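The primary structure of each chain is shown beneath.
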Amino acid sequence: MYKFNHKDLLGIEQLSVSDINLILDTADAFYEISSRDIKKVPTLRGKSIIALFYEPSTRTKVSFEMAAKRLSADTLTLSANESSMVKGETLIDTAQNLEAMNPDIIVLRHPSSGAPHLLAKHLNAGVINAGDGMHEHPSQALLDLFTIRKKRGRIKGLRVVIIGDIAHSRVARSDIVALRKMGAQVTVSGPPTMIPPDIESFGVKVVFDPARALKNKDVIIVLRIQLERQQEILFPSLREYSIFFGLNQELLKGAKADAIIMHPGPINRGVEITGDVADGPFSVILDQVSNGVAIRMALLYLLIGGGRGDNLD
Amino acid sequence: MTIWIKGGEVIDPRMGIQKRQDIIVEKGKIEKLLAPGSFELPEEGDVRSVDATGMIVSPGLIDMHVHLREPGEEHKETIATGSMAAAAGGFTAVACMPNTIPVNDSRSVTEFILGRARKANLVRIHPIAAVSKGQRGETLTEFGDLKEAGAVAVSDDGRPVANSELMRRAMEYAQFFGLPVISHCQDLDLSQNGVMHEGAVSTRLGLRGIPGASEDIMVIRDILLAKLTGYPVHIAHVSTKGSVDFIRRAKEGGIPVTAETAPHYFSLDHTAVIGYDTNAKMYPPLREAEDVEAVRKGLAEGVIDVIATDHAPHSPLEKEVEFEKAAFGIIGLQTALPLTLALVRDGVMELPAAIAKLSCNPAEILNIRGGAIEQGKEADLTIIDPHAEYLLNRGIIKSKSTNSPFLGKKLKGKAVLTMVKGRIVWESDELSPRSR
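Protein chains in written order, with this note's numbering: chain A, 754 to 1066; chain B, 15 to 450.
Bound-form chain B, shown alone (with noise of 0.2 angstroms):
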């Protein structure tokens, strides 16, 4: 069957433009993209015309930060309900993190990752291992053998790598293979005990802060390493304004580095936190309106290469307790792409640059194809509808967990439409494209 994709603003990410254009997809791939009005159905065959007028057409999008439980935390998420949320949000492309039950630090995790994938068979699933056995900071996992399973990347997110010459290794050996790092980072010394970001909400709730200090800290040492290696580095989830100000300063030195943030740390700050909302405990923790801001502009400046979710499904169990015993993240694959538009609207970004973000920029750091719309390319696409207005609700979350702080906030624009491979694998009800 051929797909027409009818008069929709065409996003170009790398190139930073848009224009209105019609896109032809043919066997799963991108067959043409034409001038508005120009294609001349053929004599035969089956057509069903998207219509997509008043929409974008972006490049698949990709979050290159999510956490799926399985193996092992099935009651919080699966591959299987993973995939439809990051459908539902408009991605095509999820790499998940490592700490799983049990952690993906071998071959046979990533082969099983996969193998779930397969069968869910939505979005593709791009498994991200452990730098250390087990998570826990001491032995090098198999690089090679997990990449040639097909781990895109190595990390020890969610527990990060204390030990400095552990780091400096990792580095220097997944060079060898061209495994990207990923860092979480967090001094487990200043963040200790801490469930929020410290400051003045901290005092009057009586809760214990994380200092943004803490953040800071390992964001220079991993800096320093990426200069000692010369090999890159990726910092995950930046909170702070440190973070943001060191990561500029090392990019102006040369110093190979790039970054993500979540769409909650440019859209919420720790007051989130004030009537002890479990939904708003994550970590990093939301910080101040100042860090807000810097994360902002380092998104605006492009020190903050990627948008990344962070997906960190928890079900009541974890969540609907005493703040302190509740488990750190929230969901976000449904939520990105309507915070993202959000800043396109406050003037922060223009919307390419915003796409580039959620797509060519995180397939470029994974070294992993998608982030273009290309002739004879494979047609990853997602159809955005920003005028949408909605509710936030239970009803739409596709996740198996809900722990949100934008639940029953208003939301505006979605994914209408995302296509893999030429095929579609979530479409909203609005959108009634007409076969012939």
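Just chain A, with the same shape it has in the complex (with noise of 0.2 angstroms):
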């Protein structure tokens, strides 16, 4: 049986396709556990798991927490605002301290790119990234993973088209770098002020227009628009994004007719993605949370040790 051999999870890039295909696997055994009338394993029982979070979170942290809660470990969430990280402490003494009360893992999402590689570092227990910066979000690429497997029955071969602001999306780093591990064409799309330079290095194709990008496409990831990017000079308005960016019924016309359409999350409602779009029968956005508890199950048995072969339930 195929070992999961890492101390922490902090970007897809350090992940092999046997360390992916693993920990889609384990998701799927787990995937059960959340529909049964008791949602709850005593596979974690014992273990504790800190969940530091820096930035504002809903869906990642509640995942994790309930991901943590069906495998019976005992977790604790903080937020910046409630913590010592507003008095002034590093991000690494925080970390020790934390440390020093023996915690199994730490799921770290953090406004700094690079911040859990800095924390792994310095820490004996597991890191998972659940989010640093612009550079990667693992846990939501591989749920992104999950769900176009569950949907599609594959990964390879599928063509896959990214829309947004590409430039500052941990999100779609670590698709591209995970879909292309797993053998997937990647398109990406949007203004050309939010197209990084040399992504192309990462194997994907640009086609500025979405319109052209999503043709004949499998899968259509749209990225949410952070609204404080306004402040930046990236576009002019919400209005016209909308109108030349946005994904709506009329684009999707152009679409292959089984194309699913993805979203991370929280989505601006009428910005990139219209409601009846996001709503429609197209839509896998909600599975994709769903999926993501399934995800982080996962991954926290395998990082505390499930990878040794244990009994799942």
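Quick caveat, the hints were computed from the structure, so don't treat them as lab data.
Here the structure is a predicted model, which means the values were calculated and not measured.
Ideal Cβ positions, reconstructed from N, Cα and C, are used throughout, including at glycine.
Mixed in with the good hints there might be a few duds.
Claimed, not checked - Using 20 angstroms as the maximum straight-line C-alpha spacing, the simulated DMTMM-like pairs for lysine to aspartate or glutamate come out as follows:
#1 A/K904 - A/E785
#2 A/K874 - B/D291
#3 B/K412 - B/E378
#4 A/K874 - B/E334
#5 A/K1009 - A/E993
#6 B/K33 - B/E364
#7 B/K339 - A/E808
#8 B/K46 - B/E388
#9 A/K874 - A/D857
#10 B/K255 - A/D951
#11 A/K1006 - A/D1029
#12 A/K793 - A/E818
#13 B/K265 - B/E378
#14 B/K391 - B/E40
#15 B/K311 - B/E266
#16 B/K255 - B/D230
#17 B/K339 - A/E842
#18 B/K339 - A/D846
#19 B/K43 - B/D291
#20 A/K874 - B/E332
#21 B/K20 - B/D60
Claimed, not checked - Where chain B lies over chain A, by a calculated footprint (3+ residues, C-beta under 8 angstroms):
#22 882-895
#23 944-952
Put the complex together from the two separate chains, hints included.
Below, the structure is given as structure tokens:
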């Protein structure tokens, strides 16, 4: 049996194809637990997990906490505004103090790219990157892969387009790396101000116009437009963005009839995606959220040592 | 006491030659240069002989761009510790940038720095004063008063002069006092929030980029202002192919411009940042391989006149943090020489030309003494062992800070003896000079 040999999950970049397949297969096994009447197994009983969130989050925070609880781990979530992070303590000091209490895993969401790498260097506990700056959001990419695999039965050979602010999106980076590793073709699309330099080095194609970019694609991933980006001169207005780059029914007519539509959330309805598309028959946005719990259960399980072949329940 | 430096390869960087010579130092001056073996020991008096066989004897090295952090940030460096690092790196003189706290924009700060330098009493310290009060880019500092106090140049290093009118007037006014103007070229809007070079690596790491154009634009502006005013501008820490190309064209067109680069810009590229190493974070950022190549070519062709370290000490408080939060800058006083010697080994430059960029060229630009070994002149000398190989570790570093991307790396070549005005201010353990 293939073993998962990582102390930390810092990014998709460090994972092999076998690692990813193992995570997805493990998530498959855990997926069913969430639909049980009693949604709890004792797998991680006695293990403790601390989630440090230096940025606001709803989905990811709840998802990790839910995943840990369904595996019977003790969890604790700290948000930036309620801890000594606001008292000027450095990230390393905060982490070392938490480590002194001997947790098994620290889940970190942080606005600075590379913050989990810094943490991992200083800690014995495993570190899970729950989103770092504009760098990576590996658990999101894994749940995206999981969703695609469930819906389409495979990932290899599929054609995927990602539309939106590629330059500032950690989801885009993790998705691109993950999809390329798994053998999908990837096109990125959006205004040129939102396409980062040398993105082609990731093995993706750039097609600025979403109408052209989404043709013949099996999967359409729409990224959230962060409203604060308006201050950065990346586009003149949300109104104009929605007209030229937003996904709406009209645009969708040019897409493949069986294309699935994904979005990492939270959605700005009427900006990057219209409400009718987000709620429409091709949307799998809420499936992504359900799948997220299974993926995070798999990650916690594998990182805490389940990869060594313990019993699943 | 007489010091007899025997059998070294003596470099004359101005003439671009090296030959085996003995040097006799007496009363702080170069008493004699003579053919090896022709010196006869006097009947009486102390003579210390230093065997420099197989070594290079160079005019004392001059670093025209350092940050000594005093006053204000003594936890990073002091004038005393910076002087030690300079001496150990083979430098007999350094010029320190004004971005201290408070900024060196007045006679009192300049005099304070010189007072500390006298107390440290190791290498020559030449203060560079700010162009604008508080480096705020609004009004000029008192160039005349600062020069009288001992400032050798003006620069708003670290905080570029964004206002072109102010830069123009600074260059015109500096002309009256003959003060060199040094420009840190950075378009602050284009480089806004950037923490590393913009390119494939910044995209991969999800870090905000600083495009090469943010340097190039200001280099072009300053070249145009040098043309307008007819007064020279010195471009600090050139890092891009664009800058090198524009400076080359300006020089060909007779515009008075000189330029420096730092060793890291000809030794490392932006891939050094991978892993979020904050010791690879500096301004300007490490660029791409083609920029590194262009900087090396610029040095070889004389487009870049000077190698200066931009020695920028920071403590773990500023460096052991998230990459985005980390301070810009690395130390460089003890790595400049080995990295420059690597250029010579790579065939980029002949040794005398490389030494010129570390001695007579900066002396000429700053209009300070040094850069030559001549009979009757004050004895500022550096003896270099070009073959010594060692690992750069914290024990070797004399600076108060250890923020270097070369930490733990193997280096080749080092200063084994540094002499200022005939006094030995640094001597490596390996050199075991014999007294008679």
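Hints, verified against the model:
1. A/K904 - A/E785: The hint holds at about 16 angstroms.
2. A/K874 - B/D291: 11 angstroms, holds
3. B/K412 - B/E378: Judged against 20 angstroms, a Cα distance of about 28 angstroms means the pair is violated.
4. A/K874 - B/E334: 11 angstroms, holds
5. A/K1009 - A/E993: 25 angstroms, violated
6. B/K33 - B/E364: Satisfied, since the Cα-Cα distance of roughly 14 angstroms is no more than 20 angstroms.
7. B/K339 - A/E808: 16 angstroms, holds
8. B/K46 - B/E388: 8 angstroms, holds
9. A/K874 - A/D857: Since the Cα atoms of A/K874 and A/D857 sit roughly 15 angstroms apart, the hinted pair holds (cutoff 20 angstroms).
10. B/K255 - A/D951: Holds - the C-alpha atoms of A/D951 and B/K255 are around 18 angstroms apart, at most 20 angstroms.
11. A/K1006 - A/D1029: Roughly 13 angstroms between the alpha carbons, so the hint for A/K1006 and A/D1029 holds.
12. A/K793 - A/E818: 13 angstroms, holds
13. B/K265 - B/E378: 17 angstroms, holds
14. B/K391 - B/E40: 11 angstroms, holds
15. B/K311 - B/E266: Answer holds: B/K311 to B/E266 is near 16 angstroms, not above 20 angstroms.
16. B/K255 - B/D230: At roughly 9 angstroms apart (the allowed maximum being 20 angstroms), B/D230 and B/K255 satisfy the hint.
17. B/K339 - A/E842: 13 angstroms, holds
18. B/K339 - A/D846: 15 angstroms, holds
19. B/K43 - B/D291: 45 angstroms, violated
20. A/K874 - B/E332: At roughly 17 angstroms apart (the allowed maximum being 20 angstroms), B/E332 and A/K874 satisfy the hint.
21. B/K20 - B/D60: 16 angstroms, holds
22. 882-895: Answer holds; 5 residues pass the 8 angstroms Cβ test.
23. 944-952: holds (count 4)
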